[in-house]
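I would like the entire structure built from these sequences, with the hints used as guidance.
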Amino acid sequence: MALHIHKGLLQGFIQCMYDEGFVNDQFWQLQMMKSSRNQPDYVVRVVTSYCSSAQTLFSQLTHHINQENVDFLQVKVSARELYDKSSSVGAEHVKLACAELLVACEGHDKEYCSKALYWTKNEFAHLRRKFETLVQCRWRGRSLILKVHLEGN
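Quick note on our numbering: the sequence shown kicks off at 1392 and runs consecutively.
Simulated from the structure, these hints should not be mistaken for laboratory data.
Every residue gets a Cβ at the ideal spot worked out from N, C-alpha and C, and that includes glycine.
Accuracy of the hints is not assured; some may be wrong.
Label pairs and their computed distance ranges (CB to CB) [to be verified]:
#, residue 1, residue 2, range
1, TRP1419, GLN1465, 32 to 38 Å
2, TYR1433, GLN1406, 38 to 44 Å
3, GLN1451, LEU1487, 42 to 48 Å
4, ASP1500, SER1444, 22 to 28 Å
The calculated DSSO-like cross-link candidates involving lysine-lysine, where the alpha carbons are at most 30 Å apart (straight line), are [unchecked claim]:
#, residue 1, residue 2
5, LYS1467, LYS1521
6, LYS1467, LYS1506
7, LYS1501, LYS1467
8, LYS1501, LYS1476
9, LYS1398, LYS1521
10, LYS1398, LYS1476
11, LYS1521, LYS1476
12, LYS1467, LYS1512
13, LYS1476, LYS1506
14, LYS1476, LYS1512
15, LYS1521, LYS1506
16, LYS1501, LYS1512
Structure representation (structure tokens):
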């Protein structure tokens, strides 16, 4: 019974993330891939990898934008990589903020880049908190499955 309730709460949480625009249809595809690959930890691994990569890219972007003479090509390369990674996991708000950062790079506007990077980091921080909650819920679910299995034996 507890496992059934937990699964419903987790599904509701994911639906809220979708309804609030944090994630898009691509994230739902990841959920489906988890089932089709019979890998219950697939989404956790993808989300964890995305967050780690994003942190590295934010460090690079911050470094490049804080230079006196900004290499906008380097900023654009890192911003494009973050955009692509965000798209692949369905991180909609982060993707939209990255698109704005790419526009700022095209305009060679350091101040605009700084503001767009701040927005992107802010959107990522919100999403990361959601993903952290999702990962915790997934692990709790695995604990419940194990508990049910052990009690059944």
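Status of each hint after checking the structure:
{"no.": "1", "hint": "TRP1419 to GLN1465: 32 to 38 Å", "in the structure": "34 Å, holds"}
{"no.": "2", "hint": "TYR1433 to GLN1406: 38 to 44 Å", "in the structure": "19 Å, violated"}
{"no.": "3", "hint": "GLN1451 to LEU1487: 42 to 48 Å", "in the structure": "20 Å, violated"}
{"no.": "4", "hint": "ASP1500 to SER1444: 22 to 28 Å", "in the structure": "26 Å, holds"}
{"no.": "5", "hint": "LYS1467 to LYS1521", "in the structure": "27 Å, holds"}
{"no.": "6", "hint": "LYS1467 to LYS1506", "in the structure": "15 Å, holds"}
{"no.": "7", "hint": "LYS1501 to LYS1467", "in the structure": "12 Å, holds"}
{"no.": "8", "hint": "LYS1501 to LYS1476", "in the structure": "23 Å, holds"}
{"no.": "9", "hint": "LYS1398 to LYS1521", "in the structure": "17 Å, holds"}
{"no.": "10", "hint": "LYS1398 to LYS1476", "in the structure": "27 Å, holds"}
{"no.": "11", "hint": "LYS1521 to LYS1476", "in the structure": "17 Å, holds"}
{"no.": "12", "hint": "LYS1467 to LYS1512", "in the structure": "16 Å, holds"}
{"no.": "13", "hint": "LYS1476 to LYS1506", "in the structure": "21 Å, holds"}
{"no.": "14", "hint": "LYS1476 to LYS1512", "in the structure": "14 Å, holds"}
{"no.": "15", "hint": "LYS1521 to LYS1506", "in the structure": "23 Å, holds"}
{"no.": "16", "hint": "LYS1501 to LYS1512", "in the structure": "16 Å, holds"}
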